[in-house]
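S.K.: Listed here are the chains, written in short residue letters.
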Amino acid sequence: MTADNVLMMATTTSTDNTGLLDDLAPHFTQATGVELKWTSVGTGKALKMGENCDVDVLLVHAPSAEKTYVEKGFGVNRREIMYNDFVIIGPESDPAGIKGKKVVDALDAVRAKGAVFVSRGDNSGTHKKELSLWKATGAAVPEKETWYVQTGQGMLASINIAAERNGYSMTDRGTYIKYADTMSGNPPLKVLVEQDNILLNQYSVLSINPERCTKAKFDLATTFSDWLAGTEAQGLIRDFKLLGKPLFVPNAIK
Amino acid sequence: MTVSQPIYRIENLVHRYNSDPVLAVDRLDIEPASIMGLVGPNGSGKSTLLKLMAFIFRPTQGRILFDGKSALPFDSSVRFLVTLLTQDPYLMKRTVFKNIAYGLKVRGNRENWTRPVHDALAMVGLDPDIFAHRQWDQLSGGEAQRVALAARLVLKPRVLLLDEPTASVDAASSELIRAASLRARSEWGTTLVIASHDREWLYDVCDEVIHLFKGTPTGAGRSNMVFGPWVPEENGLYSKLIGDGIRFTVSAPPNADATAFIDPAVIRILNSGEASTAENITFVDGTVIRIASEKQSGNLFADVRAGSLTLVVRVDESHLAAMTLHRGWPVTLAYRPDSIRWL
Amino acid sequence: MTVSQPIYRIENLVHRYNSDPVLAVDRLDIEPASIMGLVGPNGSGKSTLLKLMAFIFRPTQGRILFDGKSALPFDSSVRFLVTLLTQDPYLMKRTVFKNIAYGLKVRGNRENWTRPVHDALAMVGLDPDIFAHRQWDQLSGGEAQRVALAARLVLKPRVLLLDEPTASVDAASSELIRAASLRARSEWGTTLVIASHDREWLYDVCDEVIHLFKGTPTGAGRSNMVFGPWVPEENGLYSKLIGDGIRFTVSAPPNADATAFIDPAVIRILNSGEASTAENITFVDGTVIRIASEKQSGNLFADVRAGSLTLVVRVDESHLAAMTLHRGWPVTLAYRPDSIRWL
Amino acid sequence: MDFILAGFIEAIRLLFSGDDQTWSAVGATLKASSGSMAASLTIGVPLGFALGYFQFPAKRQLRLLVDTALALPTVFIGLVVYAFISNRGPLGEMGLLFTLTGIAIGQTILALPVVIALSATAVESMDRHLRALLISLGASRRQLLFSSLWEVRYGVLAAGLTAYGRVMTEVGISMMVGGNIKWHTRTITTAIALETGKGMFSTGIALGLVLIAIAFGVNVCLSFLRKK
Amino acid sequence: MDFILAGFIEAIRLLFSGDDQTWSAVGATLKASSGSMAASLTIGVPLGFALGYFQFPAKRQLRLLVDTALALPTVFIGLVVYAFISNRGPLGEMGLLFTLTGIAIGQTILALPVVIALSATAVESMDRHLRALLISLGASRRQLLFSSLWEVRYGVLAAGLTAYGRVMTEVGISMMVGGNIKWHTRTITTAIALETGKGMFSTGIALGLVLIAIAFGVNVCLSFLRKK
Ligand SMILES: Nc1ncnc2c1ncn2[C@@H]1O[C@H](COP(=O)(O)OP(=O)(O)OP(=O)(O)O)[C@@H](O)[C@H]1O
Ligand SMILES: Nc1ncnc2c1ncn2[C@@H]1O[C@H](COP(=O)(O)OP(=O)(O)OP(=O)(O)O)[C@@H](O)[C@H]1O
Ligand SMILES: [Mg+2]
Ligand SMILES: [Mg+2]
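Chains as they are written, first to last, in my numbering: chain A, 1 to 254; chain B, 255 to 597; chain C, 598 to 940; chain D, 941 to 1168; chain E, 1169 to 1396.
Keep in mind the hints are simulated off the structure, nothing from the lab.
In this text, a Cβ means the ideal position worked out from N, Cα and C, and glycines have one as well.
A couple of the hints might just be wrong.
[Said to hold, decoys possible] Computed Cβ-Cβ distance ranges for the label pairs, DEER-style:
#1 H730/C - W1351/E: 52 to 58 Å
#2 A376/B - S667/C: 42 to 48 Å
#3 W963/D - D105/A: 34 to 40 Å
[Said to hold, decoys possible] Only pairs whose alpha carbons sit at most 25 Å apart, straight line, appear in this in silico PhoX-like list of lysine-lysine:
#4 K144/A - K971/D
#5 K1227/E - K347/B
#6 K113/A - K128/A
#7 K347/B - K690/C
#8 K37/A - K1199/E
#9 K837/C - K811/C
#10 K690/C - K971/D
Chain A on its own, in the form it takes in the complex (with noise of 0.2 Å):
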């Protein structure tokens, strides 16, 4: 295969740390002969790198971030592809009695009992979505409260770090699946809010601008979008389960 033939994405940790890339890369160089090559990083550091014209494509889920970046002029064809959700977990006996409320009353009581609450701070998807969460509950961001845990690590780091604290956090319902499994079956932390609207993530894919960089591949990426936005890739998005669970949905539009 011919360096010709490579297509370069940055994309966030969730997708590769999922093992979704690795379940969909080979039947993309099935289907089209493109080789996918890909550096999982935050998406801060994604949208950077296709700044730099480091990469071809991207692959995050930070929908307003996107738009920005968008606007200009670092990246184009800005195409969602599929999503999934966010649920709020906490240790079993709940202090904060959240279980079953929808987010912003949830957070309200966390932020009333002052329970320890983890939070990315990271500034990646996840951490943003939780920050909009916050604001949506009317007050400000309880930035330096002490039980405001701000861990500036990946996800999965977050929530072990909950469960040592005892505390609650916000995280996509695919890292919970894996730490539930590492926990074999009997996590001390639980979901206590899901299935609210506000908690949907939506990751899309953006093909890196050619004007701004000429070396990038942008023919690769079209195909790469298409591929993705294809019948057979939201097949497989729809049938990607992990440990026997499905993950994302498929929502591309053709």
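Add chains B, C, D and E with the ligands to chain A, keeping to what the hints say.
M.R.: Chains B, C, D and E with the ligands only, in chain A's frame:
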């Protein structure tokens, strides 16, 4: 009431490096306030013996009693009493002053060290103003050697072990070192053991000189050792080639590699060519290297080089008048092969 | 056609460590295949001069012509021709064999080194079977010194500089070293420069001996130097205290710190107490340290210790018959204060 | 490229405008690294001395072990320490997880092989005559240790500085054991990792420069040890 | 705790069952680290020799600089190298981003201060008589360099091993410059970081053990240099 006990008593001492034994001393006593010399060829074990006596490492076998008590390295019974000037004048990477003061510091001495350090420097003939603040590596060979000695003298030790203190030291300084050694004994009652290849100097300083040979003391006083192998001659005698056509003849040795011992008194010294034809006498030609009188006995000795050998010969006063003995003078040595003892 | 040119020509040489000048040689020529000696008190600059002659570092000022050409450290014109035995018998952390073979290796010599290395060891009196495979740190002081010398002899150099080759070496070995030096000159035409404090040995080996004093050559042959400060006496003379109540008297010096030069020939040696009352003559008591004949002239010299001084005195043959000169003999020295020269 | 320049400017701003977050991270870095350096020098230098000085049967094997331990990955150390001090681990009771003390423990493990291996090497380079000199001047065992170390002080200093560099710049342990918790266990290096992950490259550069400035300060303070 | 034990078992499985991904990471680690070690020793040892051997005006300042550079954080080096070799950087044309060569360049920068500082220290510990000895035996400048280094070989070896440990275990540069791309630039350390990030602690431990096993192998190979 008590008889004076030796300050050192060495019993059945054996020391090995790796597996080769290099020192084997059955018994050796050293009296307090005596000055003992150690001579012997290179590798005869002088430095090893001195290091053992300084309790720097343990002997492989046997023991060393200090003041009647068995002692080991770091024992407080010897630590501050015995000090050794090692053969290599090694200094710490500090100034001369700090090198000399180190021993005082180690002794927890909190006083002002300037005085004793300057005195010690003066004792070895170095001007404190010039040398005290030199760095360790800004000295000539002899200066370094003398600083190392000053670092020992400053301690006023009970036992001072000196390993070749005059090597690489100039004539004036070696006299100073002699004086300092004698002064240490008389002022502080120090016992000294000194190893040196400068026999003149050593016989001058010491009360007694012990010979080491292959790690074994072979007696005190001057004596000659000649090593084999020996080759038989036609007349029943044996000999060894000691130079171009020069042979050293001996009586039948116990084995071909035996070591011959020749008492300096059994050799007569004749003017060159004076060889008579008396029977049973053997002659060997040589050159006088030096003449010296032994401090204790007043006896005169001549060192005579014959081929590659250097023999010590006792000189009768009567001889002296008859001949001009001095370095470089050619002589003939006469001795009876059967007067030789075997080791 | 051409007049033999000196192998070394030193011109206006000055060397400083930090800022103190320690060596200042205006002019010095050394003839090929000569053996030159260097004597001088500790710190007089012998080792510095030898290192400069070995092109180990550059002089602060002046230049050293080798074979008529100015040379600098690492110059290929000198690199393989000159070798120095340093005062510290430093060995590399390798076996004795590899230490000695190093110079051969550096010369790109690809042959079998066993032969030359073993020969070199034999030249310094060490048995190759015992020593060749010893590690560098498994040697006695004298053995190490001799290995270091063997590492130089193996090179058969054109110039061999020896810095105290006999320090810490036994008597037999120092004779071996003497023989090896002479053999190097006669077999390979080697030029030797040797610094040593063992004057007897040095005078025996060398064609000529140069005296260094505070970095300056003060002439060849034997001579006496006595340093100030001088204190005026009542009779217009000056003196210096050289021991308990012993004074060394001189004529008026140019300044209080001047250095006095006394020719060994102007001092007469008398039996102790023989002092006459002749005018203008000064006496000083001493002890004979050694007697030796100068190789070149055949003259006899006595080293006499008077207080802290050691004076060299020329001895007339006529004297010798009349007295018993040997180490330890008490004598009186007689000289005229006005026969003293000043530096 | 431009983010490097931007990083320089930001570094100056961070240091001089008294940015709270930066100073908190500086504090955390200094506390954890001082703790681990104190511990690793106190334990490591004597061990290194013993390893370099004495001859004993398993010496070479031990040396091999220490040299291998130079290649202990920080995340590995982080994981092992985490396993012990996590609430489910044997030392969970002590509450060391997510504390600077926990980080310091991990960093001590990281620094120890460096300190031991390099001080052993320094001691091995010691002149073989030193021992005889010191004992002959009356040194006790303790004085022998200290004076020997003083003779090879440049080597020991280099051991300390190398270990310090390693401790100051490690991320794996601080991340895993400390948790990179803002205001508490966020050190400069975990902050750099975070900012870089966010794509804030210039802030990453700026924090890197802050770290280097600290190291420079420490080196200037120690450079008096170098003067002859 | 249990994941440590699990890690041990997995490490054995990974090594002996011929797990492709592991061997690919082993290969990447060995390639990058060999490259960077070769480069840093070739450049660093002579520079270290010069720094330790010669006396020159700015010596102390230079030394201070090198010592400070011991505390260069890996992510910082990663960022700087990235800035240069990124497609928009000055060396973007060379296509070094996301390659093992790029990683090796960054690791060389990481290893250089260690090699320079420690070999300078080793050379400083050299006996001052060595120079005179070597020149007097006829050594050329080059032979003086090599023979001097051979005399302090344990010190230079320690410099190399310490630098090797640093290079083998670094994550920041490999991550930033290499991109942790599976089958290409995923080294053992970035794999550990990835697995740990996924919560696969036992795999992290296992990979850590694999790395240590490699280091052990390298040390065993080099230990012949230690025999007297
Ligand atoms: N570390 C060592 N390992 C093996 N052998 C050694 C060691 N040190 C000394 N030797 C050997 O032990 C013997 C005695 O050495 P020692 O230094 O005591 O001799 P010495 O009488 O002081 O000689 P010198 O007059 O040369 O100083 C020598 O043959 C020497 O080769
Ligand atoms: N590195 C140095 N720094 C400063 N001064 C030095 C240095 N090396 C030697 N000296 C001084 O230079 C002078 C000459 O030293 P040199 O070693 O040449 O003397 P030497 O004649 O060989 O003495 P010795 O007989 O003691 O070997 C001495 O006074 C010494 O103190
Ligand atoms: Mg000895
Ligand atoms: Mg000298």
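S.K.: Evaluate each hint against the coordinates.
M.R.: Hint check results:
1. H730/C - W1351/E: 52 to 58 Å: The hint (52 to 58 Å, Cβ to Cβ) holds, given that H730/C and W1351/E are roughly 53 Å apart.
2. A376/B - S667/C: 42 to 48 Å: holds, 44 Å
3. W963/D - D105/A: 34 to 40 Å: Check passed, 37 Å falls within 34 to 40 Å.
4. K144/A - K971/D: Holds, at roughly 22 Å.
5. K1227/E - K347/B: The given pair, whose Cα atoms are some 20 Å apart, holds under the 25 Å limit.
6. K113/A - K128/A: holds, 23 Å
7. K347/B - K690/C: Distance ~21 Å between K347/B and K690/C Cα, so the pair holds.
8. K37/A - K1199/E: holds, 20 Å
9. K837/C - K811/C: Between K837/C and K811/C the Cα gap is close to 20 Å, so the pair holds against 25 Å.
10. K690/C - K971/D: Not OK: K690/C and K971/D at ~44 Å, beyond 25 Å, violated.
Of the numbered hints listed earlier, the single one contradicted by the structure is hint 10.
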